[in-house]
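Engineer: Sequence:
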Amino acid sequence: MSVNGGTVSVARVSARALLGCGVVAGPLYVAVVLGQAFTRAGFDITRHPASLLANGGPGWVQTLNFVVAGVLTVAAAVGLRRSGLVWGARLVGLYGVGLLLAAAFPADPGAGFPVGTPADYAEISARGMGHFVAGTIGFGGLIAACLVVARHYRSIGRRRLARFSAATGVLFFAAFAGLSGGAGSRPTIIAFDLAVVLAWTWLALVCADKRRTASSAGADEA
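Okay, so the sequence shown: first residue is 1 according to full-length UniProt numbering, each after it adds one.
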């Protein structure tokens with residue numbers, strides 16, 4: 001094997017591994033959130049955003065969940081960049097940065113969680129404001145990434161993925177806007193929970209698609 005050939009092979013394997021990070025990031029994140037949601041005393045998944053799980057004694061679990069998800073998402077963004085996406089990859093990377101910032105600035109307690117917090121508690125601390133900024137940065141990047149990737153798929157004739165990408169971006173924007181203006185109502189929290197699952201599904205599908213493309217390219221050149 002030539003030196004150049006070896007270099008190309010290593011680069012290809014690295015890209016596939018990075019894209020694999022995007023495939024597993026969402027299922028891992030959701031599984032950890034659900035595991036906490038059904039075991040943490042006082043937490044109601046229809047009333048409390050997942051970010052509140054970073055409070056209380058076991059709050060380190062959700063903080064670590066944000067860190068792992070953020071690192072995996074940034075890795076996926078590098079893989080997407082190597083697959084040929086430029087702005088889409090940068091925006092996915094911004095989403096990953098938002099997750100890391102969410103770990104650094106935990107959400108304030110609220111709506112009776114953790115146990116002992118008044119049900120009407122709604123004070124916003126400096127860290128709580130930092131969490132809101134982190135969400136705005138990360139979710140803004142995610143929404144824009146969906147729309148940019150939708151345009152990419154339209155340009156190469158992949159209409160189903162284009163529609164799914166665009167729909168994910170629009171629905172996530174609507175859910176985030178509803179959560180921000182809904183004062184923590186059950187419908188807005190449930191809608192946002194579903195939108196988060198949808199967004200992670202989108203990232204996993206895009207990374208899996210680009211990973212298959214990389215595999216096909218490798219087979220053609222073998």
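You may find that some hints are simply not true.
Listed next, with one range per pair, are the computed distances between beta-carbon atoms [what the hints assert, rightly or not]:
(1) 170 <-> 116: 35 to 45 Å
(2) 34 <-> 84: 16 to 26 Å
(3) 201 <-> 140: 15 to 25 Å
(4) 130 <-> 159: 37 to 47 Å
(5) 115 <-> 181: 46 to 56 Å
(6) 64 <-> 167: 42 to 52 Å
(7) 151 <-> 57: 28 to 38 Å
(8) 64 <-> 155: 10 to 20 Å
(9) 84 <-> 140: 19 to 29 Å
(10) 120 <-> 209: 45 to 55 Å
(11) 178 <-> 124: 28 to 38 Å
No wet-lab data here; the hints were simulated from the structure. The beta-carbon is built from N, C-alpha and C at its ideal position, and this holds for glycine as well.
Engineer: Would you mind marking each hint as holding or not holding in the structure?
Structural biologist: Consistency of the hints with the structure:
Between residue 170 and residue 116 the CB atoms are about 39 Å apart, so this pair conforms to the stated range of 35 to 45 Å. In this structure, residue 34 and residue 84 break the distance hint of 16 to 26 Å, their C-beta atoms being roughly 34 Å apart. For the pair residue 201 and residue 140, the supplied restraint of 15 to 25 Å holds, since their beta-carbon distance comes to about 19 Å. Judged by the Cβ atoms, the range 37 to 47 Å given for residue 130 and residue 159 holds: they are separated by roughly 40 Å.
About 28 Å separates the C-beta atoms of residue 115 and residue 181, a value inconsistent with the hinted range of 46 to 56 Å. The given range of 42 to 52 Å is broken by residue 64 and residue 167, whose C-beta atoms sit roughly 31 Å from each other. One distance hint, 28 to 38 Å for the beta-carbon pair residue 151 and residue 57, is violated here, with the actual separation near 46 Å. Distance hint check: the CB atoms of residue 64 and residue 155 are about 38 Å apart, inconsistent with the given range 10 to 20 Å.
Between residue 84 and residue 140 the beta carbons are some 23 Å apart, a value that agrees with the proposed interval 19 to 29 Å. Between residue 120 and residue 209, the C-beta spacing of about 46 Å keeps the proposed range 45 to 55 Å intact. With their beta carbons about 19 Å apart, residue 178 and residue 124 fall outside the hinted range of 28 to 38 Å.
This entry does not satisfy hints 2, 5, 6, 7, 8, 11, going by the numbered hints stated previously.
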